[in-house]
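One line per chain: the protein sequences are A and B, in this order. Residues in the first sequence are numbered consecutively from 1, following full-length UniProt numbering. Residues in the second sequence are numbered consecutively from 1, following full-length UniProt numbering.
Do not rely on the hints blindly, as some may be mistaken.
Not the full set, but computed from the structure, chain B residues with beta-carbon under 8 Å of chain A [claimed, not checked]:
#	residue
1	Arg54
2	Leu68
3	Gly93
4	Leu158
5	Leu160
6	Leu164
7	Phe188
Because the hints were derived from the structure by calculation, they are not lab data. Every value quoted in this text rests on a predicted model; they were computed, and no experiment measured them. Ideal Cβ placement from N, Cα and C applies to all residues, glycine included.
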Amino acid sequence: MSALVALFARELKLAARARTEWLMPPLFFVIVVTLFGFGVRPNDPQLAAFAPAILWVGALLAALLSLERLYRSDQEDGTLEQLLVSPTSLTFAVFIKSLAHWLLSGLPLVLLAAPLAAMLGFPSALLTPLVVGLALGTPCLSFIGGFVAALTVGLPRGGALLPVLVLPLIVPVVIFGAGAVRASGQGLDASAPLYFLAAILMFTLTVLPWLAAAALRNAFE
Amino acid sequence: MPLLIAEQLTVLRGDRALLRDFDLQLAPGELLHLRGANGVGKTSLLETLAGLRRAGGGRLRWASDDALPHWLGHRNGLNLQLSAVENLRFWCGINGVPAAGIDAALARMKLPPRARLRSCRLLSAGQKRRTALARLLLQPRAVWLLDEPLDGLDVDGLALFAELVGEHLQAGGAVLMTSHQPLPAPLFASERLL
């Protein structure tokens, strides 16, 4: 219990000290989506059709920005060693760190999605599947990304490798996330793709922290 | 009854075995100074004993199953954005130790009260080392594994370190450390050349 509080408090404190860490993803998200608006003809109805894809890709790229530093500084300053020697399970620590990453950089994106969708002329009836999909999909990215960040932590220039490894892994998330919106738009039930997203989320929550912990241990070899 | 026994340990660094069939015993009250040229495997050996690195073979036995060593590596384990107190509070949290002892430990390490609340980025190398060493006071653990603990310490810091180690040995603990400089005055160590 004390470990849970300590791990969480540390992430929040670090975020409060380095504001760019958590301000960057939402700003990036807003800028990318706005640029799409400027790039097309004014009042182009096509934009609303592409809005789910734009919002999904924008949100996932934005959440990717802050992933690289998830374990890097801990590894460089020796905090990771102290964590490995401590009785706290590394899997648990990885879980908490990924969860904190989602709260600080994924959740703001979910909250921003609805106003940005309205800006793109997205029909308000479809907002629910979009936001629910993002709420299920962005934590997947935090956990998948956390696993890849753990894999690349010992590598020089691992930051450049990170997006290349993460993006293929989140293809299913994008397919089902955008699929939920599309199904809803065609008057179909959106719950099937959303259930798929929930299943992917459960898989990432339960399996990836173990793999990430093993990868971090391996960074010592 | 030794606190730590290593039998025929193989110490790996990547695919390479740095040490083979290495035997070591650490008795209560013993201060063992590991010596050897750069690259011979002192740090890797300490990391293996601390459980950070997988041993390539051999056995490692502790006095009790739940015995945890204190580990202090080259790196202090301090986040530079956080203050000394915040870093130690985190350490207490993950180790399940009450955080009440932090101020006393930092006072013992003679870190000025104002420096304790400043972010570690602003501390000198010696002050960071003192903060890292303060962990040794936060929880009594029988075995201390210290890799170059004297790095960055001034004369006063060295005396303080000798005092801490002396008390720990008196209390029946054991210390295994590396250092390229001679140990501070009253300490008497058995030496082991790798």
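Using Cβ atoms only, decide whether B:Leu160 comes closer than 8 Å to chain A, and label the hint accordingly.
violated, 21 Å
Given B:Gly93 was flagged as interface, is its beta-carbon under 8 Å from a beta-carbon of chain A?
Holds, about 2 Å.
Minimum beta-carbon distance criterion (8 Å), B:Arg54 to chain A:
holds, 7 Å
May I ask you to test the interface hint for B:Leu68 with respect to chain A, counting a Cβ-Cβ separation under 8 Å as satisfied?
holds, 7 Å
Status of the hint placing B:Leu158 at chain A (closest C-beta pair under 8 Å):
Constraint on B:Leu158 not satisfied, violated at 22 Å.
Against chain A, is B:Phe188 within 8 Å by beta-carbon distance?
This hint is violated: B:Phe188 lies away from chain A, its Cβ roughly 27 Å from the closest one there, beyond 8 Å.
Can we keep the B:Leu164 interface hint, with Cβ of chain A closer than 8 Å?
With a minimum Cβ separation of about 18 Å from chain A (threshold 8 Å), the hint on B:Leu164 is violated.
Comparing the model with each numbered hint stated earlier shows that hints 4, 5, 6 and 7 do not hold.
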